[in-house]
Each structure stands twice: as structure tokens, then as C-alpha cells.
Amino acid sequence: MCPTAASPAESAAPPSGEGPRPARSRSAGGSLGLVCIAASLAFFSCRKSASPPAPLALRLGDIELSTGDGDTKIDATELARRLRGLVEGSGLVATAPSGAGDSAPIVRMTGRVGTEVVEAGHKGLCRASVSLIISTRPSDAPGALRDELSATGEERFDIVPGVDRAGIAARVATRTATDLLNAFLQRERLRIASPAEIHAVLMGDGGVALREAAIRQVAARRLAAEAPAMLALLDDSDEATRDAALGALIALHDRRAVAKLTRDRSLEDKHEMMKTLDAIALIGGTEAAEYLSFVADSHDDPDIRQAAKEARERLARRTPDASAP
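Heads up, the sequence shown is in the numbering used here, so the first residue is 6 and it goes up one at a time.
A portion of the hints provided could be inaccurate.
[Stated by the list, open to error] Cross-link-like lysine to aspartate or glutamate pairs, in silico, DMTMM-like; alpha carbons within 25 Å at most:
id, residue 1, residue 2
1, 275, 315
2, 265, 295
3, 314, 277
4, 265, 306
5, 265, 241
6, 128, 153
7, 128, 159
8, 314, 302
9, 128, 145
10, 314, 274
11, 314, 243
12, 265, 305
13, 314, 273
14, 275, 292
15, 128, 163
16, 128, 160
[Said to hold, decoys possible] Taking CB as the label site, the calculated pair distances span:
id, residue 1, residue 2, range
17, 126, 91, 36 to 46 Å
18, 322, 208, 21 to 31 Å
19, 242, 90, 35 to 45 Å
20, 125, 230, 52 to 62 Å
21, 67, 147, 20 to 30 Å
22, 295, 161, 53 to 63 Å
23, 147, 93, 11 to 21 Å
24, 91, 205, 13 to 23 Å
25, 117, 171, 13 to 23 Å
In short, the hints are calculated from the structure, not lab data.
These numbers were taken from a predicted model, which means no experiment stands behind them.
Here a beta-carbon is modelled for each residue, glycine too, at the ideal position from N, C-alpha and C.
Could you build the full structure based on these sequences and the hints that come with them?
In C-alpha cells form, the structure reads like this:
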């Protein structure tokens, strides 16, 4: 799995009354976030162009689910069977090559599923919570799958004679678990997707996390054709998406980003300014050097002046003639 700065978050708002609510970790703001972003940008800027890897010889091992003490009994064996089918059909887990035997890395999944039913008057609400841990042994195997996922889902129902509470709970739990795993597999499959498939994700509406995974592939593979899309995403309302797009533009060394950042970013937004200074220093060029000098000499905030000075020095060290086009 491609590393991220503490894994980007997505808290998808479901339709009223039902649907899964994925809950993934979000990196904290402030200086820690800036350090993680800078490290990621530097990593991508130094990478050579990468081709999509071939499907991996990972073997799918056990899937173990615990159903806890929920209000209704969930068939863990049937749910595990469904999840196994999703992984096997993803293209991420292939049959081990001939002669590999037990040496092929094994993907395992453990999880917990719980349900709760709340009733008032003639209305009921069923909630399901799902957590999954996906890991590969050995953990450093090429293309290893690893993540900790969680989500909640719910469904409202009418309390009528013969209402099947167990069936509703099973349906909600299954939907929540399969949607959660499907979203993870979609993101991971981008590692072996074609440029056309990555472009389709960028242009589609598959959710923030899937789009960020596609942006990371643009950076990792240096997909220069996607530079216009990355430039547009610098104005996205989601900060994590903006940061990912900026990282991709740095990996592409696209100096159009310098012009856009220096034109569109407010000099008064300290949080964004700090990221902008680091980014344009990594991209480089005449406009970057001139902007860093301007901010270092004239900005009202001493912290921003110092950050611009240090960014200008980093640019000068990397390119002795920092103003060279």
C-alpha cells in the first residue's frame, strides 16, 4: 500500500436513514501536518517515473470475523465468504507462481462486526459497526496490503407484524462490511490501473479517498498528462486533496503551479503560505526564486519571512543558479 501522511480521511455522509459511514484517520493540522506534507513532496520529487506493477503473487489466507454481543446474530462464516469473494475478484491477489509454495506472501483479514437495534413507537433503527484489519506476512513484501478500516451503517424500518429484525441486521452488517472493503480495494487497485483508469477516477465522483489515491498514482508514475487536472485541484475545497495535488505537481516539476500558487494564495493565510513556500522551493525556477525573495524581504509576519528565507536557501543549494529557468 502506498504510504500517506497518516492516511487521508473520508467521512462520507450517507443518505438519510441508511448507508455506511467510513471512518479513517485524518492527519492533524499545524506543524506536524506541514512536516508530513514536506516529506511526502520531497519523496515524490526525487522519484523516477514508475510503471504500474504487475498483479502480485499474494495468497489470500484466513478471514476471521468476530460478531461480538450484538442485538442480533450475524452469520460470520457467510460474511467472511462474501468478503473473500471481493478480495479474490479484485485483481490484487493472484495465485502464487509455480514452485513458490508457502513462500508467497499471505494476506490475512481479521475483523469485528456488531449490530444494535433501537425501537421507539412504530419505528426502528438498526445500526451496524464494522472494523477490519488487513495485513500481509511478511509485512515488507512487495505490494503488501495493510490497513485498519472501520465504518458504521444504519437502516430505518417500520415495526410491523412479522418484521425480520435479524434479516435487517444481517443486511446492514453485510452492506457496511462489503462497502468498506470495496472502497479499500478500489483504492489499492489503482496501483495496477492503467493511466486511462486513473484519469477516469480523477474525473469521476468516487469519493475523496479514491480520488486522493489516484492523485498519488499521478505523482508516483509522473503522469504529465494529468497536470491540468492537478492544477485545477489546487482550488479544491478539501485541504487533503489540495495537498495531494500539490505533491503531484512537484513530482511533475510543473512550474505552472508556481504561477498559480503565487497568484491565488493569500499572503495573510499563514497555514497555506507555509506549504506554498516549501512547494515552490521544490519546484524551482525564476518565478519561485523571485517570489521567495519578495516574501523573505517584505512580509509582515516574521515567521513567514524566516520560512521564505530558508526555502530560498534550500532552492539555492539545490540549484546553484536558483534563478535559472
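Hint-by-hint comparison with the structure:
1. 275 to 315: Between residue 275 and residue 315 the Cα gap is close to 16 Å, so the pair holds against 25 Å.
2. 265 to 295: holds (14 Å)
3. 314 to 277: Holds: residue 314 and residue 277 sit about 16 Å apart, inside 25 Å.
4. 265 to 306: holds (22 Å)
5. 265 to 241: This hinted pair holds, its Cα atoms lying about 13 Å apart.
6. 128 to 153: Given pair residue 128, residue 153 is violated - Cα atoms ~34 Å apart, limit 25 Å.
7. 128 to 159: Since the Cα atoms of residue 128 and residue 159 sit roughly 13 Å apart, the hinted pair holds (cutoff 25 Å).
8. 314 to 302: Holds, because 8 Å separates the two Cα atoms, which is no more than 25 Å.
9. 128 to 145: Distance ~50 Å between residue 128 and residue 145 Cα, so the pair is violated.
10. 314 to 274: holds (18 Å)
11. 314 to 243: Violated, at roughly 28 Å.
12. 265 to 305: holds (22 Å)
13. 314 to 273: holds (17 Å)
14. 275 to 292: Between residue 275 and residue 292 the Cα gap is close to 20 Å, so the pair holds against 25 Å.
15. 128 to 163: holds (5 Å)
16. 128 to 160: Judged against 25 Å, a Cα distance of about 11 Å means the pair holds.
17. 126 to 91: 36 to 46 Å: holds (38 Å)
18. 322 to 208: 21 to 31 Å: With Cβ atoms ~39 Å apart, the hint is violated.
19. 242 to 90: 35 to 45 Å: Given a distance of about 36 Å, which is inside 35 to 45 Å, the answer is holds.
20. 125 to 230: 52 to 62 Å: This hint holds: roughly 55 Å between Cβ atoms.
21. 67 to 147: 20 to 30 Å: At 21 Å between Cβs, range holds.
22. 295 to 161: 53 to 63 Å: Taking Cβ atoms as reference, residue 295 and residue 161 lie about 59 Å apart, which means the hint holds.
23. 147 to 93: 11 to 21 Å: holds (20 Å)
24. 91 to 205: 13 to 23 Å: The hinted range 13 to 23 Å holds for residue 91 and residue 205, with Cβ atoms some 21 Å apart.
25. 117 to 171: 13 to 23 Å: holds (19 Å)
Checked against the numbered hints above, the structure violates hints 6, 9, 11 and 18; every other hint is satisfied.
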